[in-house]
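Participant: If you follow the hints, you should be able to join the two separate chains into one complex; please do so.
In order, the protein sequences belong to chains R and D. Anchor point for the first sequence: position 49 equals 49 in the working numbering, and the numbering is continuous, going up by one each time. So the mapping is simple: the working numbering equals the position in the second sequence, first residue as 1, plus 115.
If you are wondering where the hints come from, they were derived from the structure by calculation, not from laboratory data. Backbone N, C-alpha and C fix where the C-beta goes; we use that ideal spot for every residue, glycine too. Do not rely on the hints blindly, as some may be mistaken.
Not close to chain D: a few residues of chain R, all C-beta gaps over 10 angstroms, as computed [to be verified]: (1) LEU7; (2) ILE83; (3) LEU103.
Covered stretches of chain R (chain D as the covering partner; in silico rule of three or more C-beta atoms under 8 angstroms from a C-beta of chain D) [unchecked claim]: (4) 45-56; (5) 105-112.
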Amino acid sequence: AQSVTQLDSQVPVFEEAPVELRCNYSSSVSVYLFWYVQYPNQGLQLLLKYLSGSTLVKGINGFEAEFNKSQTSFHLRKPSVHISDTAEYFCAVTMTTDSWGKLQFGAGTQVVVTP
Amino acid sequence: ETGVTQSPTHLIKTRGQQVTLRCSSQSGHNTVSWYQQALGQGPQFIFQYYREEENGRGNFPPRFSGLQFPNYSSELNVNALELDDSALYLCASSLGAFSYNEQFFGPGTRLTVL
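Pulled out of the complex, with its shape left as it was, chain D reads as follows (with noise of 0.2 angstroms):
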């Protein structure tokens, strides 16, 4: 079986730019999870995408956005960057949206903002 998987590794953008991240969840995986890891910090929480729609959302501003595909893919998107959202970006994926469903993590991709 297949990990959650995620790219880029690494990724280097400037102020104002919009970035694509991708996801690819383990097979049968109906949910996927967004965190977003600031250095030093614990993962904080952005959105859920539950069966394609968008199921729940942290304290992020609508900049923020994402998409959840039939295939187990999904993406995260971000619009105007800030330097502010500099960080690790984690993907994680469950079968199931409950709180107490087991997520899954992906290694991340490390997002630097100039």
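Only chain R is shown next, with the shape it has when bound in the complex (with noise of 0.2 angstroms):
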């Protein structure tokens, strides 16, 4: 079984400024990791993932994430926000070793963008 902690859950940043949001999960098997991000009444948009290779993983609109196997963590940055980057975030995991796509999702993390 696997499990994700989002440790913030709602993060308020000015507008340029950078951002972090901090995610991390336990498994007993290796993982593959996500992070999706949900604007107001919409679905679920894909940002970056790590499935193998470098451990830093550059997605769209400008975000990237740092895979750390040893404190099993995969943090989500982006160096200047804009207001439209207001949204809801989420990490998630599945189990290398599964042959079906179970998305284990965090709680997610609030980011609001003020000017």
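Facilitator: Structure below.
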């Protein structure tokens, strides 16, 4: 079994400031890791994913994340946010041993960008 | 290319009733997964269908059931509705059932049970 913990339920940030959203996971086997964004009244959109290889992953809209196996973390960062980045962000994992795609999500982090 | 669509957008039912939610996958996607997202929480996996067969299930009772059709559409059926079933229901389609396959989400159906 695996679990995902998003350490911050809400992150207020000023426009053009950097932001980091923290995600920790636990699993008895190796995992794939994902970050999704959910804008109000919309479904989830994939920002980026880590499957293998380089631990620094770049995604859409200027986001990036770093996989740290020893700390079982997958933190999401953006160097300069825009008002349009206001949304809910979800970290998710699946087990590499699964033959089916059950995404296990964290509880989400609400990012509020103000001018 | 058309994305994932869901219908209806909103739905209000009373306790004990039955409901059917519909999803249209992206063309060519042979896998669909359903998730329940309660207010203020992350989505919870209900089940996945691959080539019209249930391929995996989360911790949901049998009154949650599904169907997947050859035309890339699918249904989620919930019997004997309970108040706790009030949530946003998301479907996600993918080209393949493996855990590394990217899942494309629809906008969801908001179900309210009174």
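Participant: Taking the hints in turn, state whether each one holds.
Facilitator: Outcome of the hint check:
1. LEU7: R/LEU7 is indeed farther than 10 angstroms from all Cβ atoms of chain D, at 14 angstroms.
2. ILE83: R/ILE83 is indeed farther than 10 angstroms from all Cβ atoms of chain D, at 22 angstroms.
3. LEU103: violated (6 angstroms)
4. 45-56: Result for this restraint: holds, n = 4.
5. 105-112: holds (count 4)
Hint violations for this structure: number 3 only, all remaining hints satisfied.
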